[in-house]
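Novice: Each chain, written out:
Number of protein chains: 2
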Amino acid sequence: MKVTIKDIAKEANVSITTVSLIINDKGQRFSEETHARVKTAIAKLDYQPHYFAKNLNKTKSNTIGFIVSEITNPFFAELAKVIEDVLVEQGYLVLLCNSSSDREREERYVDEMLYRFVDGVFLAGTVSDNAHLLEKLKKRKVPYILLDRPSEYSQTNGIFIDDFAGGVEATNYLITHQHQAIGCITANEHFSNIHQRAQGYLAAMASQGNTPVVEIADEVNEYSGYQLAGKLLDKGVSAIFACSDIMAFGVYKAAAERGFKIPEDLSVIGFDDINLTHFMLPPLTTITQPTKAIGEHAARQMLEMIETGNLVVPNTVLDIALKTRSSVIVKQS
Amino acid sequence: MKVTIKDIAKEANVSITTVSLIINDKGQRFSEETHARVKTAIAKLDYQPHYFAKNLNKTKSNTIGFIVSEITNPFFAELAKVIEDVLVEQGYLVLLCNSSSDREREERYVDEMLYRFVDGVFLAGTVSDNAHLLEKLKKRKVPYILLDRPSEYSQTNGIFIDDFAGGVEATNYLITHQHQAIGCITANEHFSNIHQRAQGYLAAMASQGNTPVVEIADEVNEYSGYQLAGKLLDKGVSAIFACSDIMAFGVYKAAAERGFKIPEDLSVIGFDDINLTHFMLPPLTTITQPTKAIGEHAARQMLEMIETGNLVVPNTVLDIALKTRSSVIVKQS
Numbered sequence: 001m002k003v004t005i006k007d008i009a010k011e012a013n014v015s016i017t018t019v020s021l022i023i024n025d026k027g028q029r030f031s032e033e034t035h036a037r038v039k040t041a042i043a044k045l046d047y048q049p050h051y052f053a054k055n056l057n058k059t060k061s062n063t064i065g066f067i068v069s070e071i072t073n074p075f076f077a078e079l080a081k082v083i084e085d086v087l088v089e090q091g092y093l094v095l096l097c098n099s100s101s102d103r104e105r106e107e108r109y110v111d112e113m114l115y116r117f118v119d120g121v122f123l124a125g126t127v128s129d130n131a132h133l134l135e136k137l138k139k140r141k142v143p144y145i146l147l148d149r150p151s152e153y154s155q156t157n158g159i160f161i162d163d164f165a166g167g168v169e170a171t172n173y174l175i176t177h178q179h180q181a182i183g184c185i186t187a188n189e190h191f192s193n194i195h196q197r198a199q200g201y202l203a204a205m206a207s208q209g210n211t212p213v214v215e216i217a218d219e220v221n222e223y224s225g226y227q228l229a230g231k232l233l234d235k236g237v238s239a240i241f242a243c244s245d246i247m248a249f250g251v252y253k254a255a256a257e258r259g260f261k262i263p264e265d266l267s268v269i270g271f272d273d274i275n276l277t278h279f280m281l282p283p284l285t286t287i288t289q290p291t292k293a294i295g296e297h298a299a300r301q302m303l304e305m306i307e308t309g310n311l312v313v314p315n316t317v318l319d320i321a322l323k324t325r326s327s328v329i330v331k332q333s
Numbered sequence: 001m002k003v004t005i006k007d008i009a010k011e012a013n014v015s016i017t018t019v020s021l022i023i024n025d026k027g028q029r030f031s032e033e034t035h036a037r038v039k040t041a042i043a044k045l046d047y048q049p050h051y052f053a054k055n056l057n058k059t060k061s062n063t064i065g066f067i068v069s070e071i072t073n074p075f076f077a078e079l080a081k082v083i084e085d086v087l088v089e090q091g092y093l094v095l096l097c098n099s100s101s102d103r104e105r106e107e108r109y110v111d112e113m114l115y116r117f118v119d120g121v122f123l124a125g126t127v128s129d130n131a132h133l134l135e136k137l138k139k140r141k142v143p144y145i146l147l148d149r150p151s152e153y154s155q156t157n158g159i160f161i162d163d164f165a166g167g168v169e170a171t172n173y174l175i176t177h178q179h180q181a182i183g184c185i186t187a188n189e190h191f192s193n194i195h196q197r198a199q200g201y202l203a204a205m206a207s208q209g210n211t212p213v214v215e216i217a218d219e220v221n222e223y224s225g226y227q228l229a230g231k232l233l234d235k236g237v238s239a240i241f242a243c244s245d246i247m248a249f250g251v252y253k254a255a256a257e258r259g260f261k262i263p264e265d266l267s268v269i270g271f272d273d274i275n276l277t278h279f280m281l282p283p284l285t286t287i288t289q290p291t292k293a294i295g296e297h298a299a300r301q302m303l304e305m306i307e308t309g310n311l312v313v314p315n316t317v318l319d320i321a322l323k324t325r326s327s328v329i330v331k332q333s
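Just so you know, the protein sequences line up as chains A and B, in that order.
Position 4 (the first sequence) corresponds to 4 in the UniProt record's numbering; numbering is contiguous.
Position 260 (the second sequence) corresponds to 260 in the UniProt record's numbering; numbering is contiguous.
It should be emphasised that the hints constitute simulated quantities derived from the structure, not laboratory data.
Any given hint could turn out to be false.
Copies of the same chain look alike in the list, so a pair counts if it fits in one copy or across any two.
Straight-line distance between alpha carbons at most 25 Å, and here's what the computed PhoX-like set of lysine-lysine pairs gives [to be verified]: (1) K331 with K10; (2) K141 with K26; (3) K26 with K136; (4) K60 with K136.
Hey, can you work out the whole structure from these sequences and the hints?
Specialist: Now the structure itself:
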């Protein structure tokens, strides 16, 4: 026999009105204990909403989890902030969880979000090999959206850019400026999207018959950029493509230490267009990830998934653009 | 009559062993529904632990809330990461909440953390005027620690640095380098700790009989630093004290746009010593907040408060230090 609100009320020992208000998200007047009793009863009786119900009749927590791989990378902090601003306006709160690119930590945070009945989960910069993790979310019917880094286990629910094309564009921009000895600082395959940018670089270099010079980082930050830029400069490159702006900071320092001026002695192009690129000296030419557009699209898509109960949405791939600033010039003879 | 575990078991319709395991944090084997029933029963019966109980007999969630005013400021992101690394090692998860310096949002997040039975709350860069907020935490007996910015409503539970002394030291360093026309970029009183740094500046300037030149920002970021630096430079200062490193980024850009070289034409000193200061060109001289020490102390203190049930700890004030890099030289005639 189909479970009804009346059964929930009886199990939780509250009135039918109370149950109805709570599951329609109008139960602010009730105590936490009452909410918990109703929630427990719903879970215990495996209550399914009426087919014609106006909304999901699901207990909403009005919170959304945002699991991010590296909160100290300005790109992710800015993305989180955009999403949060949209969601807070709609009455939600966002719980940020920093996984520090650790698979186990990421999974623990997903478990925690599920345990706490969040209404949805963003996975920004997810760690590869997470079929298991996505299965948990699907099984609990919790909407999720992948950001920045695709997962090989999900063909849907992502909002990305074309990292490969971005890598091609960045490299071609340097090639157009007569550079041939172009170095690339990227990250290992674990960081699949950054790795894709380097694939774009390799393709662009191959089409010119240029010899690629690649340095691969195990962490994506200003320190790794600095160390690997040093190696590239010692190999005599005239230009460097740093696959993440935060690593470009390190490139600038490595160049300065060797007495190289940017762009006169070394052209540099980055990727992301974090706010701080405006303030680098000279301002960094880079590939723009439309952070504001990504964030706003992500927030609105999540709201829609929560409201409609639709758990599967096709991937969205937003356009990248070349942001020309002052760190690239024609190769000097 | 005193409520016992037996009463909880009866109310929640589980065995006494189940209750005991759950409240001693050994209940991983049980379902979320079981945990919720026990939690509800505990709240309903207002269960108080036995006097001689070995531990608190309190349902632990093993999560800690970290409410931060601005996650896009690298100082806060770095602090959050230090604290998280210590806590995750001890089996906790950290829920980061970004209040964007909004009082209402900060309060909603505190409510949310309490609703979710977190074991403790960090308030980093708390908004002023939050007596009400701290009262809620005290009433629910949830340990809290204030970081970075003191609250006028709490004489305890804080881990700070001496912002005033830091402001004095930064200014004196410029004075020692023969600067007199020294500008200061600070933030409004809302940002009480940053405001204190400017008070230090004012005191140091007054003791030299120098005329202070102060610009006050309503937001603390690279953009406000840039705008206000422009105003100071138009007033002909030979040195600038930026009360937060992130604003110093803006100072560098404003100087470059006017053809001023740092340090030759303009000396600059910052405050915080965020990682990126190493990578500014030239590397920024600044007042170091010992972020690692603050974070580790904060995490350990929180763990101790949770374990002992001690809700009040005296303030800790850690030492600042002057980090001499390359952005300050003797005033050029």
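Novice: So which hints don't hold here, by number, going up?
Specialist: Hint 1 contradicted; others consistent.
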